[in-house]
Structures are given as structure tokens and as C-alpha cells.
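Colleague: Put chains B and C on the given structure of chain A with help from the hints.
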Amino acid sequence: MQRRYFRLLASAAAIALSAPAAMAQELTIFWAEWDPANYLQELVNEYEAETGVVVTVETVPWQDFQTKAFTEFNAKGSAYDMIVGDSQWLGAASEGGHYVDLTEFFQANNLGEIMAPATVKYYAEYPANSQKYWAIPAEGDAVGWSYRKDWFEDPAEMEAFKAKYGYDLAVPQDWKHLIDIAEFFHRPDENRYGIAIYTDNSYDGLVMGVENALFSYGAELGDPNTYVVDGIINSDKAVEALEAYRKLYGFTPPGWSKTFFVENNQAITENLAAMSMNYFAFFPALVNPATNPNAANTGFFANPKGPYGDQYAALGGQGISIVSYSNNVEESYKFLEWFIQEDVQKRWAELGGYTAHAATLESAEFRNATPYNEAFFQTMFMVKDFWAVPEYAELLVAANQRWYPYIVGGEGTAKEALDALAADWTETFKKYGRLQ
Amino acid sequence: MAEVKTKGEVIVNRAAIVAVMLALVVMLTPILWITATAFKPRNLATTVPPTVMFEPTLSPFAKLFTKRSQLREPVEQEVYDAAPWWEQLVFDGGEQVVRNKKTGEATPSGFGGRYLNSLIVSIVSTVLAVSMGTITAYGFSRFRVPGEQDWLFFILSTRMLPPIVVAIPMFLMYRAVGLYDTHIGLIILYTAFNLSFAVWIMKGFIDEIPREYEEAALVDGYTRLQAFFKIVLPEALTGIAATAVFCFITAWNEYAFALMMTSRNAQTAPPYIPSQVGSGLSDWTVIASGTFLFLLPVAIFTFLLRNHLLRGMSFGAIRK
Amino acid sequence: MADVITRLDPTSRAAARGFSDMTIRNLFIIPTIVFLIVFNVFPLIYSLWTAFTDYRASTAAAANFVGLANFRELLSDPDIWRNFTITAKYVVITVTGQVIVGFGLAMLLNRKIPLKGLITTLLLLPMMLSPAVVGLFWKLLYDPSFGIINYFLGLGKFEWLAQPQMALWAVALVDIWMWSPFVMLLSLAGLSAVPKHLYEAAEIDRAGPFYTFFRITLPLVAPILMIAIIFRTMEAFKTFDHAYILSTQPTTELIAIRLYKMAFLEWQTGMSSAFAYIVLIVVVAITNIYVKYLNKAKAR
Chain A
1 MQRRYFRLLA
11 SAAAIALSAP
21 AAMAQELTIF
31 WAEWDPANYL
41 QELVNEYEAE
51 TGVVVTVETV
61 PWQDFQTKAF
71 TEFNAKGSAY
81 DMIVGDSQWL
91 GAASEGGHYV
101 DLTEFFQANN
111 LGEIMAPATV
121 KYYAEYPANS
131 QKYWAIPAEG
141 DAVGWSYRKD
151 WFEDPAEMEA
161 FKAKYGYDLA
171 VPQDWKHLID
181 IAEFFHRPDE
191 NRYGIAIYTD
201 NSYDGLVMGV
211 ENALFSYGAE
221 LGDPNTYVVD
231 GIINSDKAVE
241 ALEAYRKLYG
251 FTPPGWSKTF
261 FVENNQAITE
271 NLAAMSMNYF
281 AFFPALVNPA
291 TNPNAANTGF
301 FANPKGPYGD
311 QYAALGGQGI
321 SIVSYSNNVE
331 ESYKFLEWFI
341 QEDVQKRWAE
351 LGGYTAHAAT
361 LESAEFRNAT
371 PYNEAFFQTM
381 FMVKDFWAVP
391 EYAELLVAAN
401 QRWYPYIVGG
411 EGTAKEALDA
421 LAADWTETFK
431 KYGRLQ
Chain B
1001 MAEVKTKGEV
1011 IVNRAAIVAV
1021 MLALVVMLTP
1031 ILWITATAFK
1041 PRNLATTVPP
1051 TVMFEPTLSP
1061 FAKLFTKRSQ
1071 LREPVEQEVY
1081 DAAPWWEQLV
1091 FDGGEQVVRN
1101 KKTGEATPSG
1111 FGGRYLNSLI
1121 VSIVSTVLAV
1131 SMGTITAYGF
1141 SRFRVPGEQD
1151 WLFFILSTRM
1161 LPPIVVAIPM
1171 FLMYRAVGLY
1181 DTHIGLIILY
1191 TAFNLSFAVW
1201 IMKGFIDEIP
1211 REYEEAALVD
1221 GYTRLQAFFK
1231 IVLPEALTGI
1241 AATAVFCFIT
1251 AWNEYAFALM
1261 MTSRNAQTAP
1271 PYIPSQVGSG
1281 LSDWTVIASG
1291 TFLFLLPVAI
1301 FTFLLRNHLL
1311 RGMSFGAIRK
Chain C
2001 MADVITRLDP
2011 TSRAAARGFS
2021 DMTIRNLFII
2031 PTIVFLIVFN
2041 VFPLIYSLWT
2051 AFTDYRASTA
2061 AAANFVGLAN
2071 FRELLSDPDI
2081 WRNFTITAKY
2091 VVITVTGQVI
2101 VGFGLAMLLN
2111 RKIPLKGLIT
2121 TLLLLPMMLS
2131 PAVVGLFWKL
2141 LYDPSFGIIN
2151 YFLGLGKFEW
2161 LAQPQMALWA
2171 VALVDIWMWS
2181 PFVMLLSLAG
2191 LSAVPKHLYE
2201 AAEIDRAGPF
2211 YTFFRITLPL
2221 VAPILMIAII
2231 FRTMEAFKTF
2241 DHAYILSTQP
2251 TTELIAIRLY
2261 KMAFLEWQTG
2271 MSSAFAYIVL
2281 IVVVAITNIY
2291 VKYLNKAKAR
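Residue numbers (our numbering), protein chains in the order written: chain A, 1 to 436; chain B, 1001 to 1320; chain C, 2001 to 2300.
Chain A extracted, bound-state conformation (with noise of 0.2 Å):
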């Protein structure tokens, strides 16, 4: 038994060791599974068309793609030549060494230039403001809102609501009207619930909504610079934000304590809300009437501005990295060389993928291409991202830990909420050095 055991392990590395030579045109890229990555798929097929290099792209269900990558990271290995990685992974990437430097390659093709600039930001450059580069903007991506146009242009619904806020109910131009009009639409004896958003705490579903209110209400995470956050996380504006988000979770469906993407998007599919947040990838399956019965009726908008007149929205999205244990460094580059052409740019945003292209998203066509392109190109040049240092999942779980009790469970305040958050965050930053 031992020794057909060992025999077994000597032949399975000996299969393993001859497996890699067949590589040499063939590039892998990684990224979860969703549309995108087929929409992806598709478009290296015609790659592959001119060039004859297969680029396949290989997917894990989203909730295990940060796992797997950094686990394959870890063992540097050499089964993905390039990833599409969250933003937040820039500084774990770059500071462990996973990614190539890819700042001469921007900088020779002046990317800084031709994609958007806060895809660049956020995307592509670590740590902030230094000017290196570890990624090329690939998926656009921010949270916005859907609505329902059918229960918002109900001339009944209409006159009911002028009589009771005095004002128009239309798209909400900030966050007063769109609490009021969650408010107005809830009716839980109807089925009808006014609002629909994120509350997942597992990864960073819940602290993407949060986002969205701290960002409008015109309050920060911190000082990206010095990684101050006391006094800035918590300050009075953030406070209001927490709370409108707080406020928000009393007019949402029942049960909506561990909510994320596909809820939000069942959330009008299933007429159970008047508004919903999701991100701008997930709004394809709206407009379709095979997938959303009420899709002649759904319309889209931006995160509307705060009550001091910020407007921002929280930013999801990816770029396209080399990974630096690939055995096809060199391949990639001439991958990623054609990846940013503008033709090959506006062909991804005909498939379906969000190019962060800035001449191409301008473009008439593209904005005009479906009902929510016009909300997604006005929310990519007003959007702001979480931390990217590597440590940054540590400050998400605290976040999830501190916000989550008070919107959904109603525990404590808001301010003891961002006040024990403060005090988290600056232990963390100072565990690892960045604060003094």
C-alpha cells in the first residue's frame, strides 16, 4: 500500500513537471465568474483569430475569486499569466510582488491619458499619487441606482406624493428625496417596499452602500496621505451618512439583512422595490424581459449629490494585471498592448463590457447604447474607491463589524458605530506602521 502510494505521488509530479512545456501559446487570465468574463472571453477569441495565441479565461464563483487568487499567489504559481483583480488588491499585490510594474508600459502608451482618470486612480496606480503602476483599467464598474419608472410616473402615485413633501416625485435629485420617496413607496401591507440595498457583510457588499451615502454626504474614509482617520470617519457628516443609510434599511423588503447584488436586482424583478442600488455590471439582466418581467419600466440614475452638494459613488470594477510568477511575461504584454487599442476598447464596450476607455465612453454611441450607459459614463468620472493598502480587508471586516449592528440590528448610534471604527481603523494603521 506505502509503496504504491509513494509510487502514485512520483508519478503524478513526474505528469505534473511535463504538463507546462505545451504552453508556449497560451495565455490564461483569471477572473470570477459573471458576465463580464464571458463578455471577455469573446472578445480574446478575436485575439486569438489574429494572432493565433489561445487566451482562455478561467472563472471561480466570486465569493472564492480574492481566495484562490492570492492562494495561487502565495505558492507563486504560474497557472495564471493574468488577473482581472479587484481594486482594493492593488497594494497586497504590488507590495507582495504578484503583480509586474507595469508603469513603464502605462507611461509609453500614455494611459494616464486615454483611459479615465479616476479608472486610473483607483485601477492602476499604488500607493496613491506616486505615479506607479500595477494594472490597466479593464471593467468599469460603480454602484448605482435602478427604479421603478412605472410606480415613479403614476399620475395617482404623482399627486399623492406632491401633497405630502410639497415637491414632484421624479428621480431623486439628492439623498433627502430619495429617502422620501423610499419612504413613500414602503407599504408593507401592499407587498411593496420602498428601497432596496446592500446589507451583505461578508465581504464588501454592505461597506459599497455605506459608500455611497458617506461619499454624497461629503464625508471621507480618512486622509489618504498621512492615514489619519479619527476625526475624519466620524465626523459629523459621516455621522449623517451612517444614519441615512440606517434610515434607508427601515423602508427595505423584509428579511433584507444579508442582501448584495442579486437580491437588489430580484428587488425590482419581483416588484418587491421602488428603487434599487446595484453595480452598473449587474444591470444587463434588467433591460432584458426574458430576465426582468418589468424592464420597459426600469429606469437608472447616478447616486444622487448629498445635502452639501457632494456627489460621489462607491467604485467596483478591475483591472488587468501580469501576474509576476507567469512563465508568459512577454506574451502578455503584447496581449495587453492590444487590449488598449481603441477599436479593441470600443468592441469590449459592444460585448458588454465596461470600457474604461475615456474617448470611448464620451462617445455619443456608447451613452445612448442602453438605458443605464448614460448613468454609468456621468458616475465613472465621480467615483471614489475604499482603501487599497494591503491590509485593507482587515479595516473591511472591522467596517462590516462596526456598521452592521447598527443599520440592521439598530444597536447603539451611529456616532458610537463610526467612533469605534475610528478607533479600529487607527489601531490597524498603526499595527502596520503607517501611522505614528
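It is possible that some hints are incorrect.
To be verified - Simulated crosslink set (DSS-like; lysine-lysine; CA at most 30 Å straight-line):
#  : chain 1 : residue 1 : chain 2 : residue 2
1  : A       : Lys384    : A       : Lys415
2  : A       : Lys121    : A       : Lys305
3  : A       : Lys247    : A       : Lys162
4  : A       : Lys164    : C       : Lys2196
5  : A       : Lys132    : A       : Lys346
6  : C       : Lys2238   : C       : Lys2292
7  : A       : Lys247    : C       : Lys2196
8  : A       : Lys121    : A       : Lys431
9  : C       : Lys2196   : B       : Lys1230
10 : C       : Lys2116   : B       : Lys1230
11 : A       : Lys176    : A       : Lys431
12 : A       : Lys431    : A       : Lys384
13 : B       : Lys1067   : A       : Lys346
14 : A       : Lys346    : A       : Lys121
15 : A       : Lys384    : A       : Lys430
16 : B       : Lys1007   : C       : Lys2196
17 : C       : Lys2238   : C       : Lys2196
18 : A       : Lys430    : A       : Lys132
19 : A       : Lys149    : C       : Lys2298
20 : A       : Lys164    : A       : Lys237
21 : C       : Lys2298   : B       : Lys1230
22 : A       : Lys237    : A       : Lys305
23 : A       : Lys176    : C       : Lys2157
24 : A       : Lys334    : B       : Lys1067
25 : A       : Lys149    : A       : Lys132
26 : C       : Lys2116   : B       : Lys1007
27 : B       : Lys1007   : C       : Lys2112
28 : A       : Lys305    : A       : Lys384
Stated by the list, open to error - One-sided excerpt, in silico: chain B residues whose CB lies under 7 Å from chain C:
#  : residue
29 : Lys1007
30 : Val1020
31 : Ala1023
32 : Gly1139
33 : Pro1270
Since the hints were derived computationally from the structure, they do not count as laboratory data.
Note that CB positions come from ideal geometry on N, CA and C, so glycine has one too.
Modeller: Quick look at chains B and C alone, frame taken from chain A:
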């Protein structure tokens, strides 16, 4: 239980049957719901209130086996009419089949290949775990082993550490010895997972088999091995069947390591099924169809073994 | 190694024919033990080493030895203690529930019932599903708007998973649903082994059903039931998949969920290894007590 029944026994028996039926309803409702969802059109999967009656469709299965992407608008009628039936089923769900640009062929989803991998890995690892577990249990049951209790506890303890923690070193180890993304790698992994269970359960069963049987056989001129194969194994069949069912289920459904330790060659199906939730609107029907197809082999396997599972352990005549 | 004394009749002449008992014993036992040691030794030593470092698997930075700092930090963190309390509650609820339901079903099935084989197979179905899928579907079943549980039971908009106090019970209920069949199957095997003549003897003695159950049935089934309990307890401590998918309320944060976050979201590899060893020690201690009971049950 005597053949002639008193009135009281008849009543008790009937009450038991009613209780079993009740339990069946409670235990099976979720599974019936999954099965029903597997045959639902996509828009009926999550309705308010839930849809109980509907016209079944194979659309979820067509989607399960193909690689698809979201359509932003319904396809034109001519395209729809020209498509083969399975592609029409995918169109019905608001999606299109991803086709190869050069050859025009539809891209399979990989579910079929993963399913096959699941079968290979689960069957082989179950056979290994059960046979190793049985002989080891026999060894511990019948012979004096120095430090017996400690060894048994060691075997048990291999199942105690939360698997998440050993994932990283396991991954590094597999990478180093070339077991990453191989069938053999997963087989070894699942055999190791199940071995402690197999040893303990089998020891529980073998301990119950009276030693007198073997002694009698030895006196009759059997060797120890013959006695083991001809007397002990048949007696232990219930235990073997139960252990095999449990080991198969564990290997068949294992998720975390299947995801971590494989990439393209040896991927099994469990991580694939929930991934179908990914594209913006959860497609419960596809997850349900995958779950349904994935439940079939275990259910059949168990059903085939049912008589062994229920046969009882021994003649029950002699006990120590 | 030298003194192989079989527990069978020592005068047996088996040793004279074929393999000696010692050879058979070694052949039967050693491969398994060697296999398990080889397989587990590296991961165990590796995680034991990282438990004393500040290692993070997400970066290339070298690990620094920090002594007992991880353990100290963990044991002084009230959140960790809360995780343990929640898990203890969860283990007690689920294992008790599974034993009651599983053993109860086995008692019901341990008689002549039409279609017994089919019924048993059907009752085993819940445990054949993948835990991740079970989590996904139960989330759907529990949903106050789309779910069938409230719909069929007429519970209106009852929020199973959104109420912090209810959520743990809801998660535990799924576990009981899924794993009672495990206890049932093992109990059934044990029950069918109880010699019938013991029942007949009890009947002749006019023993009541309670007496028969506690004095005949239970003692004889106890060993196999105990093994079922040991495994369910160990597994319940490690519960992750369905719980994580169903709820991430602070009130349902089981040890394995916290561990996962620490290891794979925060990438505090060293800290999470230390945590895992604390868990291991707890589980070893509890299992030890169980095994003592098991041996006692067998001795009877």
C-alpha cells in the same frame, strides 16, 4: 417482534407509519422544491407568492450544460426559429449560448466534465477509504496493539482541525509534489478525510461481531485471512454499506478543497453549481437543475445499498 | 511491537498457517497510520509554526516570530469568546436535535413497514446535498417574500434570518434537517443488531416499554450512537458552508466563519493558525470526554 400481533401492537405500528409519513413530508419538502425549481422557467423561480403549479421546461438543463451570457434584448424571431431546441431553451431564459467565433460551435459549460471528475474521484476515494478503514478497524478490533487508544484517537483527531487552516500548507504541499489539479491528488485528499471516519465506524461494527465465529472458523482450518474475508466481511456488510454511503457523500459534495486544489483538469462539480448565481440575477433554476442531477448518483447508490443498510449487523444470536 | 497477543483464543493455530497474526495486524494497521501521518504532518507543522509568527500569506514579507502574542491577543479578545459561546450553543442545539430526530426516526423505522428501503433512502436525501447548495436553497426557503416556509406555514412576513436572535436557530434548524439522517442511519444499524431474543425475554418478564428501552435498547445501541454523536459534534464545531451563506449576523458568527474571515479575507495567516490550534485543543478535550463515555458504553 413476534409474528402474532396484539391489538396494541397494531395501533403502535400504525401510529409509527403515520409518524414516518409526516417525517417524510417535512424532510422532503425542501428537496421537492429544489426538484420543482429545476424544471421551472426562470421567471417563476422567485415569485411572490411562490409558484406551485407550472408547466415544466428543460430550459435550466440546457443552460446548465452550455456557457452563456446575458442578453440585453430578446433575439430576433428568425434567429430564434433557426436555433436548435436547446439553444431556444437558453434564449427563453434571456441568455445566449457563447459560440466560438471561428468554428461557430457552442461552448459547453464544463459541467459534464466536472461531473465525470466527481464520479472518478468520489468512487475511487470511497473504495480506498472503506477498504483501508475496514482492515484497519479489524486490526484494532481483534489484535492487541501497543498504545491502541492513542492511535485510535490520533486517527480521529485528523478530522478535528478546521480544514480552512490547513488549506494553505496543503496547497503548497500539493504544488510541491505535483498533486495540484490531478485526480490522484483529490483522491488522496478525500481518502484521508474519510479514513478516520471509516476506521471508527467500522471498528464500531466489527466490535459487535462475535469473536466466536472466527474462532470456530479457525478451528475448522481457516487461516486468519480466510476467516476475515469469509466470516467477518460478510457480517460487517451493513457497516461497510453505511460507511461507503457516508464516505461517498462527503467526497461527492466536498467544496473548499475541490476549489482550491484544482484548476482545469480535475475540477469537480460542487464549486460549479453555486457559481451559477453570478450573473446579476440569480438563476435559481440552473442551480436547482445542477443540484438535481448531482443528487441522482448518490440517491441511486444509496438505494442500491438499501438492503445491506437495513439488513442488521449479525445473526444476533451470540453476544459477548 | 514484539508481543502480539491476539485477543482471540491464544491457543489458536492460525499463526501456523498463512500469515502470522502479527503480520496481518501490521499489514492492516500500519499503512493507514503511515498514510495519515505523511498526509497531515506537513500541514500541521506548518500551521503550528505560523501560529507563532505574524505571517500573512497574501504578501511576500517574511514571517517574524512573535512568540505567544497571537494566542494572547486572541484569548483577550471578547469577540473570540463570543464566537466560542455561539458555537457551543450551536453544537448543543444541533447535536441534540439530530439525536432526537435521527434516533426517533430510527426507532420508528425499526419495524416491519411497507417500502422500508425506499423510505429510508428518501429520508437520507437531505444529507446527500452539498452544504453550499443547501445554504443557498434554504436562504430561498426562508425568504419572507419568495420563500415557501412562511407561505405554507402561514407565517406571513416572519424574518427567520434577519432577526439577530432567531438567526442562529434558523441556521441550526438547517443543520438538524441535513444531518439527522446521519444519526438515523447509524442508529438503525445499531437497532437492528439488538438480538430479538432479548425483547422476547423482556416480554415474558412483562417488562414495560420504558424498561425495555432504557435497559435493553439504549445500552446496546449506545456505542454506535456515541460514535455518531462524536462525529456530529466534531463536524458541528467546523460548520461553515451553509451557515456562512445563510447569515453573517454577529449572532451567528461561528468559529469557522470567524476563522475563515481571519485566514482568507484579512489574510492574518499566523493569527488564524493560532486560533485554529485553540479550537483544536477544545475539540480534542471534548472528544476525549466522549471517547471515555464510548468506552464505558462498550464495557457494559
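Colleague: Take the hints in turn and mark each one as holding or not.
Modeller: Hint check:
1. A/Lys384 x A/Lys415: Status holds; Cα separation ~23 Å.
2. A/Lys121 x A/Lys305: holds (22 Å)
3. A/Lys247 x A/Lys162: Holds: lysine 247 of chain A and lysine 162 of chain A sit about 21 Å apart, inside 30 Å.
4. A/Lys164 x C/Lys2196: Distance of about 78 Å is beyond 30 Å: violated.
5. A/Lys132 x A/Lys346: Since the Cα atoms of lysine 132 of chain A and lysine 346 of chain A sit roughly 26 Å apart, the hinted pair holds (cutoff 30 Å).
6. C/Lys2238 x C/Lys2292: Holds - the C-alpha atoms of lysine 2292 of chain C and lysine 2238 of chain C are around 22 Å apart, at most 30 Å.
7. A/Lys247 x C/Lys2196: violated (66 Å)
8. A/Lys121 x A/Lys431: Judged against 30 Å, a Cα distance of about 26 Å means the pair holds.
9. C/Lys2196 x B/Lys1230: The hint holds at about 25 Å.
10. C/Lys2116 x B/Lys1230: holds (28 Å)
11. A/Lys176 x A/Lys431: violated (39 Å)
12. A/Lys431 x A/Lys384: OK: lysine 431 of chain A and lysine 384 of chain A at ~25 Å, within 30 Å.
13. B/Lys1067 x A/Lys346: holds (23 Å)
14. A/Lys346 x A/Lys121: This hinted pair holds, its Cα atoms lying about 21 Å apart.
15. A/Lys384 x A/Lys430: Holds, because 24 Å separates the two Cα atoms, which is no more than 30 Å.
16. B/Lys1007 x C/Lys2196: holds (20 Å)
17. C/Lys2238 x C/Lys2196: Violated, at about 39 Å.
18. A/Lys430 x A/Lys132: holds (24 Å)
19. A/Lys149 x C/Lys2298: Between lysine 149 of chain A and lysine 2298 of chain C the Cα gap is close to 71 Å, so the pair fails against 30 Å, i.e. violated.
20. A/Lys164 x A/Lys237: holds (27 Å)
21. C/Lys2298 x B/Lys1230: holds (26 Å)
22. A/Lys237 x A/Lys305: holds (13 Å)
23. A/Lys176 x C/Lys2157: holds (28 Å)
24. A/Lys334 x B/Lys1067: Since the Cα atoms of lysine 334 of chain A and lysine 1067 of chain B sit roughly 27 Å apart, the hinted pair holds (cutoff 30 Å).
25. A/Lys149 x A/Lys132: Distance ~44 Å between lysine 149 of chain A and lysine 132 of chain A Cα, so the pair is violated.
26. C/Lys2116 x B/Lys1007: holds (22 Å)
27. B/Lys1007 x C/Lys2112: holds (16 Å)
28. A/Lys305 x A/Lys384: It holds: about 14 Å lies between the C-alpha atoms, which stays within 30 Å.
29. Lys1007: It is violated, given that the least Cβ distance between lysine 1007 of chain B and chain C is near 15 Å, above 7 Å.
30. Val1020: Where the cut-off is 7 Å and the nearest Cβ of chain C is about 5 Å from valine 1020 of chain B, the hint holds.
31. Ala1023: holds (6 Å)
32. Gly1139: It holds, given that the least Cβ distance between glycine 1139 of chain B and chain C is near 4 Å, below 7 Å.
33. Pro1270: holds (5 Å)
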